[in-house]
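Protein chains in written order, with this note's numbering: chain W, 87 to 420; chain V, 27 to 208.
What the hints contain is simulated information worked out from the structure, not anything from laboratory work.
Some clues are possibly wrong.
[Said to hold, decoys possible] Every beta carbon over 10 angstroms from chain V, so not counted as near; a handful from chain W, in silico: (1) I111; (2) L119; (3) T145; (4) E182; (5) F239; (6) E272; (7) S296; (8) E333; (9) L344; (10) Q379; (11) G408; (12) D410; (13) T416.
[Unchecked claim] To spell it out: a stretch of chain W is covered by chain V in this simulated footprint if at least three of its residues, at any positions, have a beta carbon under 8 angstroms from a beta carbon of chain V; those stretches are: (14) 188-197; (15) 298-311; (16) 383-391.
Glycine included, each C-beta is placed from N, C-alpha and C at the ideal position.
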Amino acid sequence: MKDINILSIETSCDETSIAIVKNGIEVVALTILSQMDTHANYGGVVPEIASRMHTENITMVLEETLNKAHMKVSDCDAIAVTYAPGLLGSLLVGVEFAKVLSYVYDLPLIKVNHLIGHIYANKIGDKMKYPALALIISGGHTELIKMTDDYEFTKLGETQDDAIGEAFDKVARVIGLKYPGGPNIEKLAKEGSNNYKLPKMANDDTYNFSYSGLKSSVINLVNKEKQKGNEINKADLACSFQTAAVEELTRKLEKALLETDIKNVIIAGGVSANKYLREEIRKLCEKYDAELQLPEFIYCTDNAAMIGAAAYPLYLNGDFTGLDLNASSTADIC
Amino acid sequence: MHLFIDTHLNDVVVILYKNGKIIKKEIIKDEEEHSRVLMPLINKILDKDKLESIIVVNGPGSFTGVRLGVTVAKTLAYTLEKPIRMIDSLKCMALSTDEEDKIMGFSDKNGYYIGIFDDEFNLVGDYSYLTNSEYEEFSDKYHVITDIKLDYEKIIDYVLSLDEVNPHKVNPIYVKKIAVEK
Chain W
87 MKDINILSIE
97 TSCDETSIAI
107 VKNGIEVVAL
117 TILSQMDTHA
127 NYGGVVPEIA
137 SRMHTENITM
147 VLEETLNKAH
157 MKVSDCDAIA
167 VTYAPGLLGS
177 LLVGVEFAKV
187 LSYVYDLPLI
197 KVNHLIGHIY
207 ANKIGDKMKY
217 PALALIISGG
227 HTELIKMTDD
237 YEFTKLGETQ
247 DDAIGEAFDK
257 VARVIGLKYP
267 GGPNIEKLAK
277 EGSNNYKLPK
287 MANDDTYNFS
297 YSGLKSSVIN
307 LVNKEKQKGN
317 EINKADLACS
327 FQTAAVEELT
337 RKLEKALLET
347 DIKNVIIAGG
357 VSANKYLREE
367 IRKLCEKYDA
377 ELQLPEFIYC
387 TDNAAMIGAA
397 AYPLYLNGDF
407 TGLDLNASST
417 ADIC
Chain V
27 MHLFIDTHLN
37 DVVVILYKNG
47 KIIKKEIIKD
57 EEEHSRVLMP
67 LINKILDKDK
77 LESIIVVNGP
87 GSFTGVRLGV
97 TVAKTLAYTL
107 EKPIRMIDSL
117 KCMALSTDEE
127 DKIMGFSDKN
137 GYYIGIFDDE
147 FNLVGDYSYL
157 TNSEYEEFSD
167 KYHVITDIKL
177 DYEKIIDYVL
187 SLDEVNPHKV
197 NPIYVKKIAV
207 EK
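Please work from the sequences and hints to get the whole structure.
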C-alpha cells in the first residue's frame, strides 16, 4: 500500500506546531514553536497574544517543517488541523491556515479533536493496543475513557469541577510559584515531604474525579497559616498536594482496572508529563499486570505530530471536512 | 487577476481585479463568523491558476477579523508564490474621499479608530483608538469623516503601486490596547 503522509497543524493554545506524519505512526518532521517565554512575562497564557504570535509565525513554521522533511506540501496526501477544544482565537489561525493549504493543493481536510490527538500521541511508533483505559489529564480536562478500537470511545468518568492541571496551576499561584505552575510544583515537590494533612476526596462508586475540594483546602491552609503569622513549608505543601492529586487519579484508575479487566493503560494530556504521576501509574499498572502506554516526552505536550496520528484513521475512513470548518473552544471526545 | 481581501470589521469583502477593473465584488454583510465564509467564498470565485497578486487590509480593526484575512492572504501568497501587498483600513477610507482634511474614523462597539492623512495619503502621526466619550470631544473640534463609500478601484490601483512584502512579514496592525498592555 502507498504511504500516506498527513501534514498536520496544531495551534490550540500557545504552541505553533506543524508536522508531517507517515501512515499515522511515523513522524517525518515536527516543528514546535513555543510561546512560553512570552506568556511567562504575564504569569499565564494571554489568549490575544497567543493568537497574534500564531499568525506571525505560522508560515515560517511550515517552511521549517518542509525543510526538515525535504518535502513539499504537494507531496502530502491530506491536511489535518486541531479545530477544538482550546483557545478560540488561537484555533482559528490554525483552522484558517489549514483551509488555505487544502484549497491551494486540492488536498482533503481533516478536523481533529485536540484531546483525541493527545491519546493518539501513543500511536507514534505504533505502540497503541486495544482495549485500553485512557486517562486524559490536562489544564482543561480530567477524563477516564475506555477505548475498544480506533475512535471507539466510552466515557467512564470525568471531573465534576476543576481539571487536574487547573488545580496544579491555582495551587502554584497560591504558594507563589511562577508560570508554568504545574512543572514548578513538580520541581518543588521533589525537595519536600508529604507532611501536610490534606483531606481525602470523597470516595464514591463512580469513576468521576473532583479537584475543587483539594484546591480549596490548600488555599485555606495557606490563608490560615498566614493569619497566624506562620511560614508555610512550600516544598512540603507542593509535595502533599501533588501526592493527593495523583492519588485521586490512581484510586479511580485502580477501580477501573479491577472492574473492567482491561490490561492496557494510556495516559495523555499535558499533565502526563509529570514524572511523579507517571511513576505512580506505572506502579499501579505493574500491580495489575497491565501495560502502561506513554507517549515519548516530546509528544506529551501540545504538538502537531499527535494530530497527524489521530487524523490517519479519519483519512482511511474518508472522514473529511469542508472549507466552512469553524473552530470551537469546547468539544467532547464522546 | 488580483485578489483583494478585507475582513477588518463585520463585513467580509473579496474582490477580483484585472486590467484596471473590478471584475467581481462579493460582500457578505454583518458576518459573525468570518472563518465559516471567507475560504468558501474565495474557493467559489477565484481561479487560483490565474492569480497574479494578493492585497490584504491588515487593520486596524477587529482583532480576530483582521487576523483571519491576514492569515489567509499571507498563506495564499506564500504557498502560491505570488506577490502580496498590504493596505491600512483607514487609508482605504482616505483614498476614497475628495475632502482636503483627511481625518478618517470608524467605530466598533466601544470607540473609534482615527487616522489623519496628508494629500499624498501618508499617515500623519500614529493611529489612535478613542473611547466613545473621547471621540465626542474630538469630533467637536475636528471634522471626522466616518461615513464614506469605499472606492475599491482607486484603492486597489493605489496598492498595486506599492512595494510587495515578504509573506512571512505580513502581519496585522493592532491599535487598540489589550488588558495586559494597559
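Verification of the hints:
{"no.": "1", "hint": "I111", "in the structure": "holds (27 angstroms)"}
{"no.": "2", "hint": "L119", "in the structure": "holds (13 angstroms)"}
{"no.": "3", "hint": "T145", "in the structure": "violated (5 angstroms)"}
{"no.": "4", "hint": "E182", "in the structure": "violated (5 angstroms)"}
{"no.": "5", "hint": "F239", "in the structure": "holds (27 angstroms)"}
{"no.": "6", "hint": "E272", "in the structure": "holds (27 angstroms)"}
{"no.": "7", "hint": "S296", "in the structure": "holds (31 angstroms)"}
{"no.": "8", "hint": "E333", "in the structure": "holds (36 angstroms)"}
{"no.": "9", "hint": "L344", "in the structure": "holds (46 angstroms)"}
{"no.": "10", "hint": "Q379", "in the structure": "holds (35 angstroms)"}
{"no.": "11", "hint": "G408", "in the structure": "violated (7 angstroms)"}
{"no.": "12", "hint": "D410", "in the structure": "violated (5 angstroms)"}
{"no.": "13", "hint": "T416", "in the structure": "holds (16 angstroms)"}
{"no.": "14", "hint": "188-197", "in the structure": "holds (count 3)"}
{"no.": "15", "hint": "298-311", "in the structure": "violated (count 0)"}
{"no.": "16", "hint": "383-391", "in the structure": "violated (count 0)"}
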